[in-house]
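J.: As given, the protein sequences belong to chains A and B, one line each in that order. Residues in the first sequence are numbered consecutively from 528, following my numbering. Residues in the second sequence are numbered consecutively from -1, following my numbering.
Since the hints were derived computationally from the structure, they do not count as laboratory data. Where is the CB? At the ideal position from N, CA and C, for every residue including glycine. Treat each hint with caution, since some may be false.
Straight-line alpha carbon distances no greater than 30 Å define the calculated DSS-like cross-link-like pairs of lysine-lysine that follow [said to hold, decoys possible]:
(1) Lys63(B) with Lys5(B)
(2) Lys530(A) with Lys626(A)
(3) Lys530(A) with Lys579(A)
(4) Lys5(B) with Lys626(A)
(5) Lys63(B) with Lys579(A)
(6) Lys5(B) with Lys579(A)
(7) Lys596(A) with Lys626(A)
(8) Lys579(A) with Lys596(A)
(9) Lys596(A) with Lys530(A)
Pairwise CB distance ranges, derived in the manner of DEER restraints [what the hints assert, rightly or not]:
(10) Pro69(B) with Ala544(A): 20 to 26 Å
(11) Ser82(B) with Gly542(A): 44 to 50 Å
(12) Met537(A) with Ser3(B): 28 to 34 Å
(13) Asn584(A) with Glu96(B): 48 to 54 Å
Examples of chain B residues toward chain A, derived with CB under 10 Å [stated by the list, open to error]:
(14) Cys11
(15) Ser82
(16) Glu100
Spelled out, the chains give:
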Amino acid sequence: DAKTTQPTSMDCAEGRAANLPCNHSTISGNEYVYWYRQIHSQGPQYIIHGLKNNETNEMASLIITEDRKSSTLILPHATLRDTAVYYCIVRIWGGATNKLIFGTGTLLAVQP
Amino acid sequence: SAVISQKPSRDICQRGTSLTIQCQVDSQVTMMFWYRQQPGQSLTLIATANQGSEATYESGFVIDKFPISRPNLTFSTLTVSNMSPEDSSIYLCSVDEEGGGEQYFGPGTRLTVT
């Protein structure tokens, strides 16, 4: 049972920031927000994860609202290679159950 | 990050036969996972495999159909038994990075059952 809601698809112009929203209104206090992406016919690629603070790495930034009920993944300068399905997942990490439950994701199409 | 390989990368099998998929990791990991991705669909978790214990299967998946072995901390196999065309999918293994929180995926095995 996916616990997140994402738009089915989004477009973004090459070179512009891509902002991908995710709703997780039923998130529990010990659940992390994870983002993965899957480029066609490849295994999912880890992007970033966070608990309540905003996070940034070499790939993206993750902005989590103060009430933790939603988040946004930001790709600062989208390229054509960023075209993929992006999955937002909530997950309890470190306990007996570490599994990821994938929803349907957002298909991001970066346009030239 | 962990480097994961899978064998075979793809196969075409006849219905009623079985296929064993191998997953090899370049480091020791406690938890390994097997997923299925049917055509045009998202990923569905089949089971969690910990070394030294029986695999834990998700609802809708049974050991007789998808037996799993986990003989050591770097290797696991998933067998798809008595295959039918509905088993045509990509099968992926993944591992948790020890202490890091990330989960990494293998490249997948594309199975076609005719």
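J.: With reference to the structure, classify each hint as holding or not holding.
T.: For each hint, the structure was consulted:
{"no.": "1", "hint": "Lys63(B) with Lys5(B)", "result": "holds, 19 Å"}
{"no.": "2", "hint": "Lys530(A) with Lys626(A)", "result": "holds, 13 Å"}
{"no.": "3", "hint": "Lys530(A) with Lys579(A)", "result": "holds, 17 Å"}
{"no.": "4", "hint": "Lys5(B) with Lys626(A)", "result": "holds, 23 Å"}
{"no.": "5", "hint": "Lys63(B) with Lys579(A)", "result": "violated, 40 Å"}
{"no.": "6", "hint": "Lys5(B) with Lys579(A)", "result": "violated, 38 Å"}
{"no.": "7", "hint": "Lys596(A) with Lys626(A)", "result": "holds, 20 Å"}
{"no.": "8", "hint": "Lys579(A) with Lys596(A)", "result": "holds, 10 Å"}
{"no.": "9", "hint": "Lys596(A) with Lys530(A)", "result": "holds, 11 Å"}
{"no.": "10", "hint": "Pro69(B) with Ala544(A): 20 to 26 Å", "result": "violated, 46 Å"}
{"no.": "11", "hint": "Ser82(B) with Gly542(A): 44 to 50 Å", "result": "holds, 47 Å"}
{"no.": "12", "hint": "Met537(A) with Ser3(B): 28 to 34 Å", "result": "holds, 33 Å"}
{"no.": "13", "hint": "Asn584(A) with Glu96(B): 48 to 54 Å", "result": "violated, 19 Å"}
{"no.": "14", "hint": "Cys11", "result": "violated, 19 Å"}
{"no.": "15", "hint": "Ser82", "result": "violated, 23 Å"}
{"no.": "16", "hint": "Glu100", "result": "holds, 5 Å"}
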